[in-house]
Amino acid sequence: MAEDNAGRIAERDGFIVTKGKNKKQLQCDTDSSAGCVSQRACVYCGARVVLNPITDAIHLVHGPIGCASYTWDIRGSLSSGAELYRNSFSTDLKEQDIIFGGAKRLNAAIDGLVEKYQAKLVFVYSTCIVGVIGDDLEAICTAASQKHNIEVIPVESSGFIGNKSAGYRAAGDALLRLIKPSEPIVKSNSINYLGDFNLAGEAWIIHNYLRQIGVELNVTFTGDSHYTALKSAPKAKLNIIQCAGSMLYLAGKMEELYQIPYIQISFLGIEDTAASLRKIAATLGEESMIAKAEDLIAKETARVEAIIKGYRDKLQGKKAAIYVGGGFKAISLVKQFREIGIDVVMIGTQTGRKEEYETINNLVDDGTVILDDANPAELERFMMEKGAHLLVGGVKERPLAYKLGIAFIDHNHDRKHPLSGFEGAVNFAEEVYSTVCSPVWKSLSKSGIDRGVTDHG
Amino acid sequence: MLDCTPKEITERKSGGMINPAKTCQPIGAMYAALGIHKCLPHSHGSQGCCSYHRMHLTRHFRDPVMASTSCFTEGSSVFGGGANLKASIQNVFHIYKPDVMAIHTTCLTETIGDDVSSIIKTADVAEGKLVIHANTPSYVGSHITGFSNMTKAMVSYIAESTLPVKKEQVNIIPGFVNPGDMREIKRLVKSMDIEYIMFPDTSGVVDSPMTGEFEMYPEGGTTVEQIKDTGNSQLTLALGRFASSDPADLLNKQCEVPAAVLKTPIGIKATDALLMTLRNSFAREIPKELEIERGQLVDIMTDTHFHFHGKTVAIFGDPDIVTGITEFVLSLGMVPVHVLTGTPGGSSNSAAGSFEDDINEMLTTAGITANVKSAGDLFTLHQWIKNQPVDLLIGNTYGKYIARAEDIPFMRVGFPILDRSVHSYLPIVGYQGAMRLIEMISNTLLDRADRDAKDEDFELVM
Chain F
1 MAEDNAGRIA ERDGFIVTKG KNKKQLQCDT DSSAGCVSQR ACVYCGARVV LNPITDAIHL
61 VHGPIGCASY TWDIRGSLSS GAELYRNSFS TDLKEQDIIF GGAKRLNAAI DGLVEKYQAK
121 LVFVYSTCIV GVIGDDLEAI CTAASQKHNI EVIPVESSGF IGNKSAGYRA AGDALLRLIK
181 PSEPIVKSNS INYLGDFNLA GEAWIIHNYL RQIGVELNVT FTGDSHYTAL KSAPKAKLNI
241 IQCAGSMLYL AGKMEELYQI PYIQISFLGI EDTAASLRKI AATLGEESMI AKAEDLIAKE
301 TARVEAIIKG YRDKLQGKKA AIYVGGGFKA ISLVKQFREI GIDVVMIGTQ TGRKEEYETI
361 NNLVDDGTVI LDDANPAELE RFMMEKGAHL LVGGVKERPL AYKLGIAFID HNHDRKHPLS
421 GFEGAVNFAE EVYSTVCSPV WKSLSKSGID RGVTDHG
Chain B
1001 MLDCTPKEIT ERKSGGMINP AKTCQPIGAM YAALGIHKCL PHSHGSQGCC SYHRMHLTRH
1061 FRDPVMASTS CFTEGSSVFG GGANLKASIQ NVFHIYKPDV MAIHTTCLTE TIGDDVSSII
1121 KTADVAEGKL VIHANTPSYV GSHITGFSNM TKAMVSYIAE STLPVKKEQV NIIPGFVNPG
1181 DMREIKRLVK SMDIEYIMFP DTSGVVDSPM TGEFEMYPEG GTTVEQIKDT GNSQLTLALG
1241 RFASSDPADL LNKQCEVPAA VLKTPIGIKA TDALLMTLRN SFAREIPKEL EIERGQLVDI
1301 MTDTHFHFHG KTVAIFGDPD IVTGITEFVL SLGMVPVHVL TGTPGGSSNS AAGSFEDDIN
1361 EMLTTAGITA NVKSAGDLFT LHQWIKNQPV DLLIGNTYGK YIARAEDIPF MRVGFPILDR
1421 SVHSYLPIVG YQGAMRLIEM ISNTLLDRAD RDAKDEDFEL VM
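Residue numbers (our numbering), protein chains in the order written: chain F, 1 to 457; chain B, 1001 to 1462.
By construction, these hints were calculated from the structure, which means they are not laboratory data.
A portion of the hints provided could be inaccurate.
As the list claims (entries may be wrong) - Below, computed lysine-lysine pairings styled on BS3-like, alpha-carbon distance capped at 27 Å: (1) K1007/B to K147/F; (2) K120/F to K1013/B; (3) K1007/B to K1038/B; (4) K1167/B to K120/F.
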């Protein structure tokens, strides 16, 4: 295997480009190399993160205990009602189930749970091992569904059948089964909001904007949603999509099956939030909405720009590195960093698509490193080379950034503050400021206590 | 909020888990492997497992946790993972340059039946580099079993008896504890002036200092030379039966190093037992400084005993930790009424005994009747508490749901702790760890007393 001094392997070269330096097309959407320290997750993870915010469902993981343990209350998706989704249910497969099949245990688990919790909806997730031992999830769920007269929906999410994106698709299929109407659809004037999981209450912020401009919201996929609301999804006249990675498939299917057109929007940053509100109003085409949207944008922009300017003065000229899950978020982040005076010098995703990487390439400055499915060694190398002051990423990237003496903000499951909309833009600026300009960096000194004294001044 | 648990206890026929008090073997194996110097743990399976384990360990330790994966696809699951594993071995040594690669299996690779040891034998491993492996099916045992299995692999692959006479040196298997605990145990052994080898040893690996540079392999961890030399030691102390006794037994079989299985040294009694064993085995005096520490601990216990007396407590978590905490709170005069671990607990018939027997014996001696269960879940614990409320709940972060639903004071101990920091640096073992536990328990109880006190009962001195 070809290898240079920095420990790179040639196999990875196609996945890394520097804007302006080379004309080659970035490779993406492929399997990772065996033996890599990958930041990627699995199919089950993708399916679970999409479906988990459905608050009144029993999310039952069919497999050994680990898969359920690690995804117990995995993201901070808030609920205005039911709390059932925050429990962790597993069939906890044992050795004899692997040999004789897990059907009996799964049946018993569904029976027991339905009796205890009186839920109307059960999702049964298949894990790696279930895919291998071949339990007939479909048959078991159908039987359980009839027995209890509720919906028991299998989610085909065995980990090895692909990466996180395949899980988004599995979740999409489960949702399509759920929303399939039993009676003819009566269309309403409302819209569905796809790809907001109500992390830190973000969906509520956007609901509020839509209400203010007179848009009637039908159902949010899947943040703070529940069985009854989701059932009404086909009657909407438009779908708007925030997280494209997880929801494009579902949107396409809903267009095909229920004639609901979709548009992609983004509520990350002032620029994208304003553009998205305009786009929604224009698509719905009502004069009053367009006027109200302009009012809201003018009022909110004026309000938050005044606050953000204070942060921009402190942050101007700093450099950011981005490593997030999907491409769409990465694109918004580049623009949002510009709003606070920060240049992006490195940008990568775990599962970005070709067209998203093209947009990224058009958006960033020459010299910016763009990479797909990066490992920690690569992240370190390019952040150091490019002199990044800040990394945006998820839980596994946080301590890596800190160890390098680089500031960090979480734009993934673990974040505590909403980053959507105008409020979110302020939170974002504040979070960037509080980490980049924290006094803790003054305590960091390579030569220890002696130098530390001088560094502190 | 989060109070979905029914109070009425009905028979659980399903055997499934609701709100688990354990997780799966591979994460324990990954953690143990991090305790070898310059070792990259490797997860043989699909990407998700490795990602979850790294994420979970990262959240608990707040330090980078590196591990590679075989990146299974559908093809590897059908045709076997041999090719993936061989490619992984080659890539790992090329790109990440560890001294040791420690492979553990997942439920997927166990089920398709990959013969990892044969694959390793036919793989191309460079001179001076080492590949070890442990079978860690997720459908057997728990993360504690996985820790034990990887520690066993260190023995079976590396330990050797090379000298005619054993050295005056002790092996310490610390069990699944924090790096802060490992440091404290080493300090105790060092202060008795005894040569020791601790393995695995994650101190200096997952609590490494900030230097402004990212070290793929921080300075800590037991070296391969040291693990090899464990076969020449005079004695192995296996701390915590569930995590440590199997590797100690294997070392005895393989290299004739006798093993003493002790409790994880939580609290005064278990710490006394550790030091007395060392004293008797190596003819050393217990140094004055440790006598002073012990005296201070007793002094603190005396000063505060009225805070604890008769207070009821529910304890859950990993079996070795729960056993230690139970023994300690009993010594403070508290009353454990619910004691539960998620890990399957051995059986009464086996030579090693069982978790439930151990706990029940302690409780019987103290004249207490309680709910005790191994292989349990937090749903069961929650139901117990609903039916018999307690003054304090002790366990890992997941206990916060129960604590909130039932409005009971909660003290975090064990693994994982995902919502507090610093815990992994500070010990709960030894006399000093016991002092810290007392501070934690009494502050938790007294903060609640302050919060709940009426104006007329609100006191300055407590």
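Taken at face value, is the distance from the CA of K1038/B to the CA of K1007/B at most 27 Å?
-> Violated, at roughly 50 Å.
Quickly compare the C-alpha distance for K1007/B and K147/F to 27 Å and report which way the hint goes.
-> OK: K1007/B and K147/F at ~25 Å, within 27 Å.
CA of K120/F to CA of K1013/B, is that 27 Å or under?
-> holds (21 Å)
Pair hint outcome, K1167/B versus K120/F [Cα-Cα no greater than 27 Å] | Roughly 66 Å separates the two Cα atoms, so the pair is violated.
In this structure, the hints that do not hold are numbers 3 and 4, in rising order.
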